[in-house]
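Peer 1: These are the residues of each chain, in order.
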Amino acid sequence: MIKQLAKSIREYKLPSLLSPLFVTLEVIMEVLLPSLMADLIDKGVDKGDMDYILKTGLILAGVAFAALAFGALAGKFAAQASAGFAKNLRHDLFYKIQDYSFANIDKFSTSSLVTRLTTDITNVQNAYQMMIRVAFRAPFMMIFAMIMSFSVNAQLSWVFVAFIPFIALALGIVIKFAHPIFGRVFKTYDKLNNIVQENLHGIRVVKSFVREEHEVEKFGKISDLIYKDFSKAEKIVAFNMPVMQLSVYLCILIISWIASHQIVGGTMTTGELISMMTYVFQILMSLMFISITMVMITMSKASGDRIAEVLTEEIDLKNDAEPLTLVKDGSIVFDNVSFSYTKSMDKLCLKDISLKIKSGETVGIIGGTGSSKSTLVQLIPRLYDVTEGKITIGGEDVRRYDIEALRDSVAMVLQKNVLFSGTIKENLRWGKADATDEEIIKVCRQAQAEDFIEHMPDKYDTYIEQGGTNVSGGQRQRLCIARALLKKPKILILDDSTSAVDTKTDRMIRKAFLEEIPDTTKIIIAQRVSSVEDADKIIVLDKGMINAVGTHEELLKTNKIYQEVYYSQQKGSEENG
Amino acid sequence: MADKKMPDMKRRPRLQDPGKVIKRLLGYLKGYRVRFILVLICIVVSAAASAISAMFIQIVIDNYITPLLGSNNPNFTDLLKMLLIMGVIFIIGALSGLAYNRIMVTISQGIQKKIRDELFSHMQTLPIKYFDTHSHGDIMSRYTNDIDTLRQMMSMSLPMMFSSAVTILTVFVTMVSLNIYLTLFVLIFVGIMLFITKKIASGSAVNFVAQQKELGDVNGYIEEMINGQKVVKVFCHEELSKEEFDKKNEALCKSATAANTYANILMPIMNNLGNLQYVLIAMVGGALSIFGFSPITAGVIGAFLGLSKNFSRPFSEISQQLNAVIMALAGAERIFELMDEESEQDEGYVTLVNAKYDRDDNIVESEERTEMWAWKHPHGDGTVTYTKLCGDIVMKEVDFGYNEEKTVLHDISLYAQPGQKVAFVGATGAGKTTITNLINRFYDIADGKIRYDGININKIKKTDLRRSLGIVLQDVHLFTGTVMENIRYGKLDATDEECIAAAQLANAHDFITMLPNGYDTVITGDGGQLSQGQCQLISIARAAVADPPVMIMDEATSSIDTRTEALVQKGMDGLMYGRTVFVIAHRLSTVQNSDVIMVLELGRIIERGTHDQLIAQKGKYYQLYTGAFELS
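Taken in order, these protein sequences are the chains called W and S. So the first sequence is numbered by the working numbering: it starts at 46 and just counts up by one. So the second sequence is numbered by the working numbering: it starts at 1419 and just counts up by one.
It should be emphasised that the hints constitute simulated quantities derived from the structure, not laboratory data. Cβ atoms here follow ideal geometry from the backbone N, Cα and C, with glycine treated the same way. Honestly, I wouldn't trust all of these hints.
Selected chain W positions facing chain S (in silico; Cβ < 10 angstroms) [stated by the list, open to error]:
| no. | residue |
| --- | --- |
| 1 | V261 |
| 2 | M341 |
| 3 | M457 |
Chain S stretches covered by chain W per the calculated footprint, using a threshold of three residues with CB under 8 angstroms from any CB of chain W [as the list claims (entries may be wrong)]:
| no. | stretch |
| --- | --- |
| 4 | 1491–1501 |
| 5 | 1770–1776 |
| 6 | 1796–1805 |
Which bits of chain S does chain W cover? Going by a derived footprint, with three or more residues having C-beta under 8 angstroms, they are [unchecked claim]:
| no. | stretch |
| --- | --- |
| 7 | 1526–1533 |
| 8 | 1558–1571 |
| 9 | 1578–1586 |
| 10 | 1644–1650 |
| 11 | 1658–1669 |
| 12 | 1860–1871 |
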């Protein structure tokens, strides 16, 4: 995981190295202070030598300023390095996801991808900053303080060296016991938030079924779990401070006892004792910092793992080594195609589909909820790869084409369609980035969107809110169709894309297709028979298999499913022709 | 929906009335009074111990070591005694530290749980209007951010600040007792340090706001793009979206660097100013002692070195924590604001009870569960009448507006008898859903009357009214749990068989058995792995298991194909025998077989009648039906 994430440091390697370097320098300065201080006291204050006091004092002040400067620089570089690292990581992650296939996206779910790109990155950024500053500072501090203290008085130094394993052990135990509980608590927190969120969204359901108490009970249980676990973990962590304090105190006591003998015996000075005390603080405090950073870093490990998971995910759709970039025409052949989302042959969504569609044909697909209509068409622009069999477009296997070239030739209007925040024009230009205004107006006319756009206050410059909430469902669908038309595709696929459009407009859209883009193969999935009845052929899908293929008249005569669908909608509709 | 989860960081803490908030928070200490006092005592003890530890060196050097200097036969017993006493004091100090930390955990976690639970149960009592008019992300952030800042304040900031205050006080007294001049010097220096801290902190605040804004921008973009990722792929729009992303990401990086730089340099600056102070004390102290200006010993200087650090550190600690406290109080205020939000009012006194006929064919209340329900209606004169629950609904000249300025329903009158299917047809915003919101009293009517089995619905207890209505909404909300649990939501004590029967009725049984674990398949989120249509079928089963006399289907089958819909309808028709059904749909095939169809336009019923009558009328409905108009 660390190796994977480290790849994203790149141009921020320098600040990432400078920061620990300056931290080290800062630490050296800080560690020099106490021993100089001892000199100042012993040779200056005790002896009453004001000149010496001034001289050493100035040196000391210089050292303190140097430490300040180094510390500030270290902080600056750490900020640069961590913000830059986060930027690169976010960049890598976002780019990687852009390369994801539909199957990859399905695997992670969009909300979890969003969390990884937001919260998790922030966690890793904080941990990284901590790593290159505090995590360096503390051990260095310990080592240098140790060296200094040994040079001042080796015998006394052994006292706190003896304490180090004891403290390390105590902190280790605290981490070992508290950490798994914290991990658990955060998961429980997710559950709690999930309940709140579900209740906010589903408040009408809760209230109409009068389930308020039921929900409060559910919430209370989780809330209680958090209370118990959190208390438990924090009570363990509460040992940290007192253990540290006690160790420092004991060190001080023992050192003073030994030191007093040495001072009286003349082998040590009072100044040295004072500096030793400072070293005790420095060493034990850095130990404390090490334990805190260790906890923080391990906590962010989960975030790091989740990011690495996205980065190392293998993209299961790859371009052919020598891809074809030109799609000859819009003819499509399904040759014994079977498909499963899980790649296992016992959960097939599509079974043995064989089909021939000529270029320029209009094909309708009809089938019940869950009959895999959408799955079938998503295989055409290679949004998923077939599990068995093959699909050819223009006589070539879809896997032979360059993916971008393929998708540029196959325009698809998805069932769950999305407009993005931006003007109508900007949204439409997704289909063709350099489309002229005339082109845009033309496709809007074909998609029967021109009218309502013209009635909008800012016409084509009307701002669409995120998720397209300020246009109606039918308007959104027509904008999405226009967007797809702008690509001038060889194959156009509409996945239930006119469900919110009235039958008359629906008919006009189809008429425009027939007249304006006769060479484009049109595949229309619909729930309304009227949307497909004039197609060249209609495919009836049932439970992932082709039940029948034929024209409206043929199917109406021979196919039971088609008849049922037809009569469920068309009761007494002869008069509306 | 990740935006709901994302902390609402743009919010700046602003306190209306901190006194009130603090008072209210203190109210939560009620059950912990003894423990809280114990905590305060422990903090004082532990702070005192740490203050003593700073003075300790001075005492040892001046009182115990210096007198022994030069003696040939030094006697260390006094020192040993003193060290042992100190040892005891230190142990007590450490133990009180442990004690207060642990007790504080119990108190802060307990209070937090209480606040959390109160918040949630109060939220459940709020009227629908509240949820319609407040952003869910905003409500959500009270559970996440606000409670969390409160936790940090209670378990970290407050004890730290109190302990800091105690430390400052003890250290100050000690310093004064040692040497007044050095104390003055320390005071001046600490003043300068605080001034610098404030400068840096305000610079940091400005940059943090900028960073949060950019972060919100980047995260918003990420969310929109990732949610539309499939569209991005279909349009090969990856490169463009990368480009835009890089721009935003770069801006964020810049402001994040600035913000973090400020934050990062604060500590080293404070630290080394402390060191500088250290040096200066040694120099000033040395000068004072040499020039004999004031009686000063090496021990005193040594002590001052330690004390000065102990004196300035708590100041910077307090100033750091102060921000956290203000944030937490602002959070608490927001929490209390939600808790003070007025609950849904319910003056209803007519309740729904199990009933049976007695020997004289009068309806009487029944203790055990019968298949019959009745409205229990207590009257002013003490008598109680029982009315059988049938599902007869009458609306008379109802007017309604979500706010007073704009009336959205005008003069709506309708009669729906048990066994009838009443349909509403009309464009978005015509008021179809609003009518159903009035029947179950999610909103209260402005004028007119709605009667349920002849009883004014304002007199019926809301929970009982809603229990007698089954609602299936277009936006399906399933809860995390198994399919079975989700169906059982309609009737908590339903057996597995009842749930399965309901699923069969809703035509959901077939696909449920095809799921990996059948009825035990766990649905997460809002039914993520199921199609919209499948979710609708489950929600129909959920309403069916509740078996209510009145059903409201608001676009309940809009995502189901017409063939399945026909099957569902067949099942529902069986279920609906003898019940009142309200159907809202924009697909006309859904409403064709209704007993009466109401065409709504701009909040008025403009046409009513059966399908055949309306077609014959050649009015709006006819135009809709022939496709001359679009509904969306």
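Peer 1: If a hint holds in the structure, say so; if it doesn't, say that too.
Peer 2: How the hints compare with the structure:
At its closest, the beta carbon of V261(W) sits 5 angstroms from a beta carbon of chain S; the interface hint therefore holds under the 10 angstroms criterion. Interface restraint check for M341(W): the shortest CB-CB distance to chain S comes to about 15 angstroms, outside 10 angstroms, so the restraint is violated. The criterion of a C-beta within 10 angstroms of any C-beta in chain S is met by M457(W), whose closest approach is roughly 5 angstroms, and the hint holds. Coverage of the stretch 1491–1501 of chain S by chain W holds [criterion: at least 3 residues with CB-CB distance below 8 angstroms; count 5].
Residues of the stretch 1770–1776 of chain S lying with their CB closer than 8 angstroms to a CB of chain W number 0, which falls below the three-residue condition for coverage. Taking a C-beta to C-beta cut-off of 8 angstroms, the stretch 1796–1805 of chain S contributes 0 residues in contact with chain W, too few for the three needed, and the coverage statement is violated. Against chain W, the stretch 1526–1533 of chain S contributes 4 residues with a C-beta closer than 8 angstroms to a partner C-beta. That satisfies the three-residue criterion, and the hint holds. Coverage of the stretch 1558–1571 of chain S by chain W holds. Counting CB-CB distances below 8 angstroms, 3 residues qualify, and the rule asks for three or more.
Interface restraint, the stretch 1578–1586 of chain S with chain W: violated (0 residues with C-beta to C-beta distance below 8 angstroms; minimum three). Only when three residues or more bring their CB closer than 8 angstroms to a CB of chain W does the claim for the stretch 1644–1650 of chain S stand; here the count is 7, and the claim holds. For the stretch 1658–1669 of chain S, the proposed coverage by chain W is satisfied: 7 residues have a C-beta within less than 8 angstroms of a C-beta in that chain, meeting the threshold of three. Using a Cβ-Cβ cut-off of 8 angstroms, 1 residues of the stretch 1860–1871 of chain S lie near chain W, which falls short of the minimum of three, so the contact claim is violated.
Hint check: violations occur at hints 2, 5, 6, 9, 12; the rest are consistent with the structure.
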